[in-house]
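Since the structure of chain B is already known, use the hints to place chain F on it.
Chain by chain, the residues run as shown.
There are 2 protein chains.
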Amino acid sequence: MTTDTDEAARHRAKMEKRKAVQDAEVASKTIEKGLLIVNTGPGKGKSTAAFGLALRALGHGWRVGVVQFIKGAWDTGERRALEAFGDRVAWHTMGEGFTWETQDKARDIAAATRAFDKARELMADPTIGLVVLDELNIALRYDYLPLDEVVAALAGRREGLHVVVTGRNAKPELIAAADLVTEMGQVKHHFAAGVKAQRGIEF
Amino acid sequence: MTTDTDEAARHRAKMEKRKAVQDAEVASKTIEKGLLIVNTGPGKGKSTAAFGLALRALGHGWRVGVVQFIKGAWDTGERRALEAFGDRVAWHTMGEGFTWETQDKARDIAAATRAFDKARELMADPTIGLVVLDELNIALRYDYLPLDEVVAALAGRREGLHVVVTGRNAKPELIAAADLVTEMGQVKHHFAAGVKAQRGIEF
Numbered sequence: 004m005t006t007d008t009d010e011a012a013r014h015r016a017k018m019e020k021r022k023a024v025q026d027a028e029v030a031s032k033t034i035e036k037g038l039l040i041v042n043t044g045p046g047k048g049k050s051t052a053a054f055g056l057a058l059r060a061l062g063h064g065w066r067v068g069v070v071q072f073i074k075g076a077w078d079t080g081e082r083r084a085l086e087a088f089g090d091r092v093a094w095h096t097m098g099e100g101f102t103w104e105t106q107d108k109a110r111d112i113a114a115a116t117r118a119f120d121k122a123r124e125l126m127a128d129p130t131i132g133l134v135v136l137d138e139l140n141i142a143l144r145y146d147y148l149p150l151d152e153v154v155a156a157l158a159g160r161r162e163g164l165h166v167v168v169t170g171r172n173a174k175p176e177l178i179a180a181a182d183l184v185t186e187m188g189q190v191k192h193h194f195a196a197g198v199k200a201q202r203g204i205e206f
Numbered sequence: 004m005t006t007d008t009d010e011a012a013r014h015r016a017k018m019e020k021r022k023a024v025q026d027a028e029v030a031s032k033t034i035e036k037g038l039l040i041v042n043t044g045p046g047k048g049k050s051t052a053a054f055g056l057a058l059r060a061l062g063h064g065w066r067v068g069v070v071q072f073i074k075g076a077w078d079t080g081e082r083r084a085l086e087a088f089g090d091r092v093a094w095h096t097m098g099e100g101f102t103w104e105t106q107d108k109a110r111d112i113a114a115a116t117r118a119f120d121k122a123r124e125l126m127a128d129p130t131i132g133l134v135v136l137d138e139l140n141i142a143l144r145y146d147y148l149p150l151d152e153v154v155a156a157l158a159g160r161r162e163g164l165h166v167v168v169t170g171r172n173a174k175p176e177l178i179a180a181a182d183l184v185t186e187m188g189q190v191k192h193h194f195a196a197g198v199k200a201q202r203g204i205e206f
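As given, the protein sequences belong to chains B and F, one line each in that order.
Counting in our numbering, the final residue of the first sequence is number 206, and the numbers go up one at a time with none missing.
Counting in our numbering, the final residue of the second sequence is number 206, and the numbers go up one at a time with none missing.
It is worth saying that the hints were derived from the structure and are not from the lab.
Just so you know, not all the hints are guaranteed correct.
Identical copies look the same in the list; a pair holds intra-copy or inter-copy alike.
Claimed, not checked - Pairs of lysine to any residue residues, derived as SDA-like cross-links and limited to a Cα-Cα distance of at most 25 Å, are as follows: (1) Lys121 x Gly188; (2) Lys174 x Gln189; (3) Lys74 x Lys174; (4) Lys32 x His192.
Just so we're clear, the structure is a prediction, and the values are computed from it rather than from any experiment.
Okay, chain B solo, but in the shape it has when bound (with noise of 0.2 Å):
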């Protein structure tokens, strides 16, 4: 017969073993670098999750940047949210929405590069802690800009500077770059049921 104090022991014996294999792995880990992070995937929470991000930078005390590359002048809530933040949020909706909302390529060329290049000066500007880049991967699957050019910015961001970029589709060559690579995976989808895009989930 087994009591409920064996099986107290036992667990306990086991978390203990669990606790220094934990313990170790935590100790083996020694480098501190600021990270290429690529949320990518067919699945939601890419964009979500570079602005989760972004609030945890902000409860650190530091600045963050915001570039979009695709969604127009949608008022999103997390815009309106990270505005209570004052200035040490620098928002940059620089897209004009879907490819196939504008519907002209050029245009969206010059939007993209517009785009990148504010994404050069957030980087560069040592006040800034992260910079999310938000949809960039889109704007690089469309060929809208060079991609070698922008995987070498990146890989050449300032010591110290985190970089999230997401969106699906991300190319081979900047997950090479990356240090942390997500894929979401959509296992369910309330779309599938006819239910519509709602204020608070997807915007």
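Below, chain F alone, put in the same frame as chain B:
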């Protein structure tokens, strides 16, 4: 010979078609409902995306509730940043750390039970539009809470309330009840290159 004008016209025609498909798709979704959202998988961004949703909700003027089931008294950036929104955020850290930190199963169960009681309270509060149940999946995975009761409480949430559940290894019963499930997959992680958990990125 194709000219620039030809190419621009082709691009335009293709994007006009794309826009028609997109518009029809948007028009086909008519339902509005409070969603049960699950962020799971081994990759990063599960909690971060949930806090990004909280930020978006705050931008729309909603109140937000947060219950942390596992993490203990860590002074995280996201918590500090959300304090800027005053009593519009009801934040409850109910966990006492990872299960290998406490090494006491009875204590873990008691903490998880208190945390879910708090979750029920927030879900019942009509002033709250979004509730984040951070790392609830971990408490369910270790059987610290009765799965059927938890799923019933989430499925029976009041109309219009959005709930986000995070943590790896989401239970199939929870996924079945959810409207939106995203699996965060790890493509590349800086820990593998010896980079340690860093302020602003991991906490």
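Hints and how they fare:
Taking the closest pair of Cα atoms, lysine 121 and glycine 188 never come within 25 Å of each other, the shortest separation being 30 Å inside a single copy and 30 Å across copies. When the C-alpha separation of lysine 174 and glutamine 189 is checked against a cutoff of 25 Å, the pair qualifies both within a copy, at 19 Å, and between copies, at 16 Å. For the identical chains of this complex, lysine 74 and lysine 174 are intra-copy neighbours only, at 20 Å inside a copy versus 35 Å across copies, given an alpha-carbon limit of 25 Å. In this assembly of identical chains, the alpha carbons of lysine 32 and histidine 192 lie at most 25 Å apart only when taken from different copies (12 Å versus 37 Å within one copy).
When held up to the earlier numbered hints, the structure conflicts with hint 1 and nothing else.
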